[in-house]
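Generate coordinates for the entire structure from the input sequences, incorporating the hints supplied.
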Amino acid sequence: MFPVIFVKSQKGRQLIKFGRYTFYKHSQSRSKMRWACSTHYSKGCKASIFTAEGHVLSMRDQHNHPEPELKPPPTPMFDVSQYY
867 MFPVIFVKSQ KGRQLIKFGR YTFYKHSQSR SKMRWACSTH YSKGCKASIF
917 TAEGHVLSMR DQHNHPEPEL KPPPTPMFDV SQYY
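Throughout the sequence shown, residue numbering follows the numbering used here, covering 867 to 950 in sequence.
Worth double-checking, as some hints may not be accurate.
Pair ranges (Cβ atoms, derived) [stated by the list, open to error]:
#1 VAL922 - GLY878: 32 to 38 Å
#2 GLN880 - ARG926: 17 to 23 Å
#3 GLU935 - SER895: 32 to 38 Å
#4 GLU935 - SER897: 31 to 37 Å
#5 LYS898 - HIS929: 18 to 24 Å
Simulated from the structure, these hints should not be mistaken for lab results. Fair warning: this is a prediction, and the values are worked out from it, not measured in the lab. Cβ coordinates follow ideal geometry from the N, Cα and C atoms, glycine included.
Below, the structure is given as structure tokens:
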């Protein structure tokens, strides 16, 4: 089992990262939030995570698509080693 990590999207929105999958905040009630797989709309994936006060209450980890590929780390804009 992978730990759940709260991250920011490229647009600054809060996401949950679980393994290679990401989940966006889909809906919220008084006490808990439902996070849906980031491919919910594009691929109809029904995987979701329920949280309350930052803790995972339950998870539906049945994705209808393979894990996304790992993206390579960003390349440096310039080589800083020449300055040292």
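field: Structure versus earlier hints - violations, ascending order
entry: Per hint list: single violation, 1.
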